[in-house]
Amino acid sequence: MDERRWTNPSPEPGQVAEYPGLSVACAAPGGALMISGDLDAAISALVQGAPVLGCGAPAPEGPHAIRIARDRALLVTDAPLDVAPGWHGSYAISLADDLYTLISLEGPRVEEIAAACTATPLDGSSPSATTLFGGLGAHVTRSGNRLMIRVQSPDGAALWSLLARLAGGRDS
Amino acid sequence: MSGWRLPSGGGIDRDKPLGFTFDGQTLTGFEGDTLASALLASGPRILGRSFKYHRPRGLWGMGGEEPNAILDVTGPDGFTPNARATQMRLRDGMALTSVNAAPDAARDRFGIMDLAHRFLPAGFYYKTFMALGWMRWEPMIRRMAGLGRVDPGHHPAADAVPMNARCDLLVIGAGPAGLAAAKAAAAQGRAVWLIDEAGEVGGSLRWRGGQIDGGDWREFASETVKAVEAAGGRVMTDTTLWGAFDHGLYAAWQRREGQPDRHWRIRAATVVLAAGAIERPLWFANNDLPGVMSAEAALHYLRLYGAVAGRRILLATGNDASYPVAAALAETGARVTLADARADGPNAPEAVELLRGARLTKAKGAREVGGAMVEGGHVGADTVLVSGGYTPSVHLWCQAGGKLDWNAGADALVPRPGTCSMAVAGAANGGFGLQHALEEGHRAGTGTGRAPRAATTGDWGLIPMRPDPTLKGRQWLDPQNDVTLKDVKLAAQEGYRSVEHLKRYTTLGMATDQGRSANFAGLAAMSAITGLSIPETGTTTYRPPFTPLPLKTIAGLRRGELFNPVKRLALEPQHRAQGARFREYGGWLRPSVYGDGEESTLAQAEAKTARETVGLYDASPLGKIEVIGPGAAELLDFCGYIRMSTLKPGRARYGFMLSETGIVHDDGVVFRLAEDRFIVSASSSHVASVRMILEEARQDRFDPRRSYIHDVTANWVTITLTGPRAGDLAHAAGLPDRMLALPHMGVAEGLWNGHPLRVARVSFTGDLSYEISVPARHGADLHARLEAARAAHKGRWIGLEAVMILRAEKGFILVGKDTDGLTMPHDLGWGGPRDKRKDEYFGRRSLFTPEACREDRRQLVGLVSEGSDPLPVGAHLVASDGPRRSLGFVTSSHVSPTLNRPIALALLEAGGSRMGEALTAFHLGETRSVQVTPACAFDPEGGRLNG
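Chains as they are written, first to last, in the working numbering: chain L, 1 to 172; chain H, 1 to 947.
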C-alpha cells in the first residue's frame with residue numbers, strides 16, 4: 001500500500017521563513033510548567049507576579065501564565081525551573097518545557113494570516129488563550145508586534161507548512 | 001440563431017475580442033462577457049439537451065436560476081464540468097462543450113428519446129426495467145444519466161484561502177434594498193459588510209436603471225460604498241453568500257480575478273437579507289423551446305452586454321415590470337409584441353405592439369422558437385420572453401430557520417416576521433418596486449430620517465399566473481429535470497401529494513438550479529389538484545448551498561500533507577538519517593522499518609535481532625497523561641477496569657479503560673510515581689479520548705479540586721530497548737544503574753546529566769525492556785548515546801512492523817485490531833476484576849447484561865496454521881464440517897522469525913473452550929486448516945522478562 005510521503009519537516013528552534021509581508025519564526029524553547037488548581041497560589045510560589053493572559057493578550061518579556069482553562073495554565077519562563085512535578089498542596093505541576101513549539105508571526109500580514117487560521121478574536125477578550133489555529137489546538141498570545149502561537153510540538157510541522165501555504169501563495 | 005450584438009452599449013469592451021469555441025464552432029465574444037452573453041449574442045441557440053428526453057434547450061435566465069446553459073469548460077484555469085454559463089466570465093481561448101448530448105447539442109442522437117416520452121413519465125424507473133433484473137439495466141442507465149464528465153486528470157489547485165471574520169451588520173445583496181440598508185447603517189457608524197454575487201453593486205438597478213434622491217442610481221451606490229468603507233466596513237462583489245448556519249455563522253464564496261478564491265466564515269451580529277427575487281416563467285405548450293427566455297434576463301443581457309435576444313420578439317406578461325423591457329428592446333430596432341394577460345395596464349411603449357387580455361398558450365417550432373399562439377392567433381416570433389411574476393429569494397431566511405407566509409398581493413411566499421433573527425428588505429420580502437425597496441432597506445438598516453427616494457413609485461400590478469392544465473401539449477415546470485405539469489398530476493394520482501413526495505417522485509426542484517424557476521409552479525400545480533392552498537401545500541426544505549460551489553473552495557488548503565496532518569516525532573531527523581521508512585500509525589508518523597528492501601523481510605530481521613540481542617524503537621507517542629492530586633487514585637479506580645489505588649509508588653500496572661457499554665476502549669500501563677501522582681500510558685491513538693474520559697469523570701463525578709489531568713505526552717522522548725542485551729546497552733549508554741536494576745513493572749525518575757530522566761521496566765515484547773524517557777530537547781542526546789553503544793551490543797533500530805510481530809508472538813493485543821466494538825475485558829481473559837470488584841467503575845454495569853454473560857462470546861485466541869504463509873487478517877473461522885457460519889475472524893497475523901512459523905490472533909466464539917480444536921480459515925474462496933491455541937505463542941511462562 002502506498003503511504004503518503006510526509007516530507008515537510010518540523011521547524012527547528014531559530015528557524016525563520018520570510019514571505020511577502022510576513023516573517024514566521026520558530027522560537028527557541030525556554031521553560032514551561034503545566035499548572036492546575038489554585039493558579040494564584042501556584043504563580044505566587046513559582047513566579048511571583050506573572051500575569052495570566054487570555055487569547056491574543058500582550059505578553060510581557062519574562063515569565064507569564066497562559067490561561068488554558070478555568071483552573072489550568074501554562075507558566076512560561078525563560079528557562080526551565082527547578083521544580084518537582086506533582087502535587088503541591090493546592091495545585092498540580094507537570095514539566096512542560098518541551099511540550100509546545102512556539103511560532104511567531106510578524107509583519108503587515110499578521111492579522112490577515114490569523115484570520116485565515118482562526119475565528120477567535122485575538123484581542124485578549126477571551127479569558128482562555130486556547131483556540132483552534134489552523135485546525136490545531138493552540139495557545140495564542142502577542143509579544144510586541146508579533147503573534148505568538150504555541151502548538152504541541154508534534155503539530156509543529158503541520159502549522160509551519162500551513163503558514164507557508166497561506167503566506168507564500170498568491171494573495172493580497 | 002436569432003441573438004445579436006448591438007454595435008455599442010453594454011459594459012463589454014469591443015476593442016478586446018475574445019475567441020472561444022462551443023461544440024467545436026469558433027465564436028467571438030468580448031472582454032466583460034459571460035459565457036451566456038457571448039453565446040446569446042453570437043452563438044447557436046441550442047446549448048444543451050434536457051436530462052431525460054434530450055430535448056433541445058437554450059438560454060433561459062441570467063444567474064443561478066439558469067437551468068439549461070450548463071457547459072463543460074476548458075479554460076486557463078483548467079477544466080470545469082457543469083459550469084453555469086450565466087455565472088462564468090468569458091476568457092480568451094475557452095472551449096465550451098454541451099453536456100448530455102452526443103455528438104453535440106445541435107445533433108444529439110439521443111433526441112429520439114423524446115419520441116418515447118409517453119413511456120418515460122416521472123418515476124418510470126420504478127415501474128420498468130424489471131425484466132432480467134434491475135442490475136442488468138442499471139449500468140446502462142447510469143452511463144446515460146448525469147450531466148458533464150469529470151476529467152480525472154484535472155487536479156484543481158488547493159489554493160482557496162479560508163478566512164474568518166466578524167461584522168456588526170451583514171447585508172446580503174447589494175441591490176437597491178441592500179444599498180439602502182448598508183448606507184443607513186454606515187451612517188450610524190456601524191461596520192457593515194455588503195456582499196453581492198454579481199461583479200458590481202446595484203442588483204437590478206444595473207439593467208433597469210433608476211433615479212435615487214434626484215440623481216443616477218450609480219451616484220447613490222458610489223456614496224454607499226464610500227460610507228460603508230469609511231465606517232470600517234467592507235464591500236465584496238463576486239461573492240456568493242451560500243449558507244446560513246447556526247449561531248450567526250454565514251459562509252461566503254469570493255471569486256477574485258487572477259487570485260485564488262476565498263472562502264469566508266462570517267459571524268454577523270445582525271443580518272439584512274436583500275437577496276431580491278427571481279422572475280418566474282410562464283407555462284404553455286412547448287415552453288422549453290430554445291428561444292424562450294426570461295424577460296428580465298433579456299433586459300439584463302441588453303443593458304449589460306449589448307446582446308439582444310432576438311429580432312422578432314413576443315413578450316408575454318402579467319405585470320407592469322415587463323413594459324420597460326419591451327420598450328428597451330424596441331429601441332434596438334427589434335420588432336416587439338407585448339402580450340399582457342391583464343385587461344388593463346400601462347400604455348404601450350413606443351414602437352411596441354400591445355395585446356391586452358392576451359394569454360400565450362403555445363410556442364411553435366421544432367428545435368427553436370418559430371412563432372407562438374396567443375389567444376388562438378398566431379404571432380410570428382423568433383424569441384418569446386416571459387414574465388410570470390416573481391419569487392422572493394428566501395433561501396437563506398429558511399436556512400436560518402425562518403418560516404414563510406403567503407402574501408396574496410405579491411402572489412408569493414414571503415418571510416414570516418419574527419421567525420428568524422434576520423431582517424428582510426425589498427423584493428426578498430415580497431415588495432417589488434424601487435421605492436419600496438429603498439424604504440424597506442432603510443428601515444432594515446435602522447436608518448433614521450427619511451429613506452432614499454426613487455423617481456417612480458407604485459407597485460407592479462402583478463396578477464397570479466398559473467399553469468393551465470386544460471392547455472394541450474406538454475408544459476415544462478422543471479426544465480432541468482424534464483418535469484412537466486402532467487408529471488405533477490401523475491404524482492398526485494399515485495398518492496404522492498405532499499410536497500416532499502412530489503419533489504422526490506418527480507425530481508422537481510432537485511437539479512443544480514435547485515428549482516429556482518420550478519418549485520413555485522410545482523407547488524401551485526399540486527395545490528390546484530389537491531384543493532389545498534399554496535401555504536397549506538408548503539415548501540420543501542431549503543438547504544445550503546444557495547448555489548453550487550466548487551468543493552475545492554470549501555476544502556481550501558487541506559490537500560496532500562495538510563489534508564490530515566500526522567503528528568511528528570522529535571527524533572524524526574535521526575530516524576531518517578538511519579534510513580527509516582515511515583508510515584502513519586495512530587495519527588503519528590513513525591518508522592515502519594529501517595533500510596532498503598522488502599518491508600516484511602526487514603521487519604522479520606529486525607524482530608529476530610530484538611529477540612536475540614537488543615532492539616531499539618521510538619515509543620514517544622505512547623501517552624503520558626499525568627493524574628495528580630489527593631483524589632488521583634480514586635479517579636483512576638473509577639475510570640479503569642483494574643484498580644490502581646493499590647499500586648505502590650514506583651510500580652506500574654497494566655490496565656484497561658472501558659466505555660460506558662463495557663467495551664474495551666484502551667489498554668495500557670499506569671505508573672505510580674507518588675501517592676498523589678500517576679502517569680497513564682495510553683495507546684498513542686487514544687491519548688485524547690482517554691484524557692477526555694478522565695476529565696469528564698474528574699469534573700462530573702468527583703471534586704475537581706482533588707485531581708488534575710495533564711497530557712504531557714509531547715514533552716518527552718521515549719526510547720524503548722528490548723531484548724536480552726537491553727540492560728547491557730542501557731548501561732553502556734551511561735544510564736544510571738540504580739534505574740536499570742528496577743524489577744519488572746518498576747518505574748523510577750530522577751536526574752541524569754542535569755536533566756529529568758524516567759525509566760520504566762515494562763515490556764510490550766515479552767523480553768527484558770526499558771522505556772527510557774527524557775524531555776524532548778534532550779532526546780537527541782539520548783539517541784546519540786544509545787547509538788554510540790548500539791553496535792557493540794549488536795543492537796538494531798527496529799520499526800513498528802517488527803514491534804507488531806514481537807507483541808503478537810506474546811499474544812499482547814492492540815485495541816481496535818485484536819478487539820472490536822463488542823469486545824469486553826473478560827473476552828480477553830481478564831475476567832478477574834469483573835468477578836471481584838464490588839465498587840463502581842466506568843462500564844461496570846454493562847459487564848453483567850445478558851449479552852455480556854453469554855457463553856459463546858467471541859474471545860481472544862491464538863491460531864496455528866498449516867503452511868508457511870501467514871493467514872489473511874480478516875479471514876473467517878468456520879467449523880471444519882457442517883454449515884459455513886462465521887465463528888470469528890483473524891485479527892493479527894505474522895510469520896514469527898522466533899518460531900519460524902506463522903502465528904495469528906483471532907476473536908472466536910467461545911474461544912476459551914475450544915483449545916486444540918481444528919477449524920477452517922476461510923478467505924476469498926480459499927480455505928486453510930487451523931488449530932486453536934492460547935494467544936501467547938512464545939515464552940508463556942514469561943521467563944524472558946528478566947533477560
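Hint data in this document are derived by calculation from the structure and do not stem from the laboratory.
Glycine included, every Cβ here is placed at the ideal spot set by N, Cα and C.
One should not assume that every hint holds.
Claimed, not checked - Output of the computed footprint for chain L on chain H, the stretches with three or more beta carbons under 8 Å from beta carbons of chain L: (1) 521-535; (2) 565-574; (3) 667-676; (4) 768-782.
Tell me, in ascending order, the numbers of any earlier hints that this structure violates.
Hint 1 alone not satisfied by this model.
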